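Undergrad: Same order as they appear, the protein sequences are chains A and B.
Heads up, the first sequence is in my numbering, so the first residue is 9 and it goes up one at a time.
Heads up, the second sequence is in my numbering, so the first residue is 33 and it goes up one at a time.
Keep in mind that the hints were calculated from the coordinates and are not lab data.
Since we're looking at a predicted model, the values are computed, not measured.
Mixed in with the good hints, there may be bad ones.
[Claimed, not checked] If we take Cβ atoms under 10 Å as the criterion, some of the chain A residues that face chain B in the derived model are:
1. P25
2. M31
3. G33
4. A41
5. Y61
6. Q70
7. D74
8. S75
9. I95
10. E101
11. T102
12. V140
13. Q142
14. A143
15. F146
16. S300
Yeah, the Cβ is synthetic: ideal placement off N, Cα and C, and Gly gets one too.
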Amino acid sequence: MAAPAAERHAPSFQLGPQRVIQMDGSTLVRVGARPSLLQYVRDIWTFRHFLRYDAHARTSSQNNLDSMGRVWMVLNPILQAAVYFFIFGYILETHRDVVNFIGYLIIGVLTFRFISGAVTSGSNSIANNQQVVQAFNFPRACLPISATVRELFATVPTFFVMAVLVYFIGDYQVGDMERAEIVFNWKWLMFFPAIFLALLVMTGFSLILARLVSNFNDVKHIITIGTRLWFYASAVIFSVERFADVGHDWIITVMYFNPAFCVLDIIRDAWLYDGLGDPFRWIVLASWGVGSLVIGLIIFWRGEETYGRER
Amino acid sequence: MSTPASNYTPRRANWMSTNGKTSDGLDLDPESFDEGFGFDEIEEIAWDDHPLTQSAPLVETVDPKNVSVVVDAASKTYRIRSGNEHLKSTKRLSKQVQRVLGSGWSEVHALDELSFVVNRGETVGVIGTNGSGKSTLMKLLTGKIRPSTGEVYATSTPIMLGVNAALVKQISGRENIRLGCLAMGLSPKQAEQKFDMIVEISGLKDALDMPLKAYSSGMASRLQFAIATSVDPDILLIDEALNTGDAQFRARTKKRLDEVRSQAGCVFLVSHSLGTIKQMCTRVIWIEQGRMLADGDPEWVCSQYQEYTDHKSNGRMRSAQIVYDRTLLKLSPLQIEFADGTRPTKAG
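With the rest of the complex left out, here is chain B (with noise of 0.2 Å):
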């Protein structure tokens, strides 16, 4: 990931830059094809004037110690069980079964086929209006759901930190905490050690014997996030929703947040806040409509995304639609290929 596409250089310069080092049988390359074939009277015809067509493609070859999370083409559409979905079947019989039996299918196409490649050391922001696909990159990243096209590699497992942590209503806050910790590959000694700091986080040392459902739903997501905070993940996902909660939560857990980072070796970082995306992130990823629109520096990004909303929220549609033409254009569609038998297919 050596070039941000912010930085839009003229393909011939970059292809000229690339030439010299990777001349390992491209055949891309004209002045390999010189030898006795009488190459130079041909007139050399600058790739400049031919932007569209005759792209060359920019060969990288990066180190695979650097990598963290590699997203190979994943794309991701739902099946959803639905009862109305006889309304929009166009065969009539099929119509009429689906109808009197009040069940069928309909697809969901979340995300659109997308792919990076993200480095250890990295902080990744995520970025994109409600129902852009955000949660689906989220849980491909996470390894929940399989990508319906494409597959997502890692180094490790990434974790998400978010307020989706699952708890058992019937139980006490306690016992939540020691289940989740032990759903999480603690061992009992470990949940131990972390239970003070968990209900510290969570701020609910009075509350720790009620049953979870008499917890009002402020204090089941701080619950639920301090339970998540207790793991040092490598990768580390970090959803918006901890945007939550009151001035001395946020407070809590910023530090706690802030330690965890420190330790990770790469974070996602998904959030409206553009502030806290450009103070903390290093590269900006904007999904828009379930496709990626951008990756890239943070700044360039962010004004991009700011302009977008902007019109969409005072109704001008036709601007914003120019903006999303004009940022996807500048995006470089990403290609990752596997040295020769390299490909992961094992677990971890």
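Chain A extracted, bound-state conformation (with noise of 0.2 Å):
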């Protein structure tokens, strides 16, 4: 805050003579101040119609410069999931210990997509937006949600194609693959809650990322480095136990407090092994999605009124 105007000097030159107005400011508002953090959140609430239009809007029009349109939606996770089934499970054969590779992989690669592609979505959202932010008064924190929300809309039909791929070819065997039976029943319905846990986590990132790069735009670089490195910590492409076989304990532990690993763990378990998912995984993720919306949202807040400036 700065200092009130009474300890700053005028300017010495001018002749007119020196006006002081004396009035009661308790009618006043300081323009921009940010508001606390529970009508914060209420006005969140207010503009969440906007925050839904936003995201639909985008992602209806995210392929539209294609010829082929959306079918770029359900191709492109196709594709991915068949690239790295070709690399890591035909020629470094990274299948071993893990029970229907090919649904493993296709969990793995797909899901972790959406939740990487989330997060670097919601930390750039403030920096990329600045036309909107500079224009309208909303509470800033609407676009980082509003970029998790529809990294979420435009990653339904690649989840629809993941169900179909991982029911009908799941199971299937390449060269010494271990098979399991794939059952269709209720337990696939694990599914929405251990997603909707994941949007939690990757909305607390968002916003505490889109926060540091809306300060430090170097922080962008070091996302795209983040992202790999927790790729290759979530056990998309092969088991943890590999890491057990070489002695490094201490990754594995890294790995069950990963929030990412512990969605693809649950995700997997109900599908591919017809299980409920491993309640520590649960605790952990919850604990996750809860700890990092609230922290998210705070420190995402108490930066409010930075985010309009020019860069």
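Please assemble the complex out of the two chains, which come individually in their own frames, going by the hints.
TA: As structure tokens, then:
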């Protein structure tokens, strides 16, 4: 907060009479001040329609530059899964110790793509939307949240593809892969709470990173590296047990507390192995979800007045 | 804001006139020292003889009910990332480092400290040549950026009407209208109600389903303006760029603008057209080179501004400077004091 006006000096060369205006300021508010946290959350709620519409409009226009349009929303994940299968499953043979490796790989690659995509677009949402930020007065947290929700909307076709692929070719064997029967039952529904919790985690991460990127553009580069690292720490294309073989036990501990790994593990357990997910995974994931959302919101809210500035 | 700066009255008269009203312990009043000090013997020196050194501040108390906007010593210095900043750096080492990194900060002083109080019902014109800091002042008023020093207070958040309402390039005009309405805090129902009005003002009925990137720049700015007018703000800022567009569009906007203006409690109008300013405003603020030069009667300020720009455009820099200095001399520097503990800090 700046010093009160009375402590600053007026220019000395003016001839007009110095005027002092006394007033009661209790009816005024400071323009652009950030509201209290509770009020802030309420404001976000008032702007929920904006948030939803923004996410929806931008998702539906995402692929309209391509001549094949939204087909890419389906085709892209299939191709990606195929590439990873070819390199890691077929050539490098990372499928040791993994039952139903093809399903394992498909779930890993496609779900992680959603997670990293949401965090990346959420963290760039303030920096890339300066126009919108400067033109309208709305709680800025709407942008990172809407970016994450947008990523969810855009990934719905991917999840459909994923479910279909896992059901039909998830237990297909190439070479010496192990196989277990894939059962389609109510346990597949565990996918929804898991994705919901993942969404909370990613919203929290987006809020924190969006403030960082808005203040220091350099963080963008670190995020790119970070998601790469995160990819390998989430057992996307190989099993956790591979680390146990070579004696790096601490990596396993890190993985067990990694929210992305928990999401993947729960979905795999439900879809491939007819389980409900390890309770420990649920606990870790839920605490990440609530914790990061609350902390992210507070961190983002404290920077509310800085997002509109020129850079 | 009882006396506009233009009605320059000798200080002595001012001082006397306020003396009776504000005798609440201000030590500027020699009469109050009289008891027992023998001040009667001392010859009183007329203040008029020493106008520069002996200026007694003119204290006014304003009724908070009338006040709409208070700008309290707000200034703005931008810090911009710049690749050529090392050229100006004086230290050798930091110059080399910045040269290698190709990155640095450059500072732009956009606005010097300025203060003013605007009452309800006033229409304030803001004039100044390009790059003088008008837009920065508008951004400070709407709270988009925070002043480097000082603060801006208002009864409610001022809304800017301009062609800077953001649009998303990939989506259609129709979707942009809805998105813009929602971004301004309207509910979906209200947005639906305003939709026809926005389409009518913009005159883009045939192009609604095209993506925005297919629009010409004129069409886009018409759409932006139409979206921006869909709210009825209490404190309204109108940007000069509204004067763009063809005659047909201008007639439509004028009608809508008059409607919005009549509902607003207080209006700021940024324009280069002195005719518009004189016609609409009850008060004019002239900003030049980041400094407030004048604040008062439209006729007087506009005539000074006209003279200044005439000199400037004809290359008479010294004459322009004289007009600048002369105008600045007449400005009353303003200081704002809030009653104890009522300096606003919270948000609306």
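Undergrad: Please flag the earlier hints that this structure goes against, numbers listed from lowest up.
TA: 7, 8, 9, 10, 11 and 16
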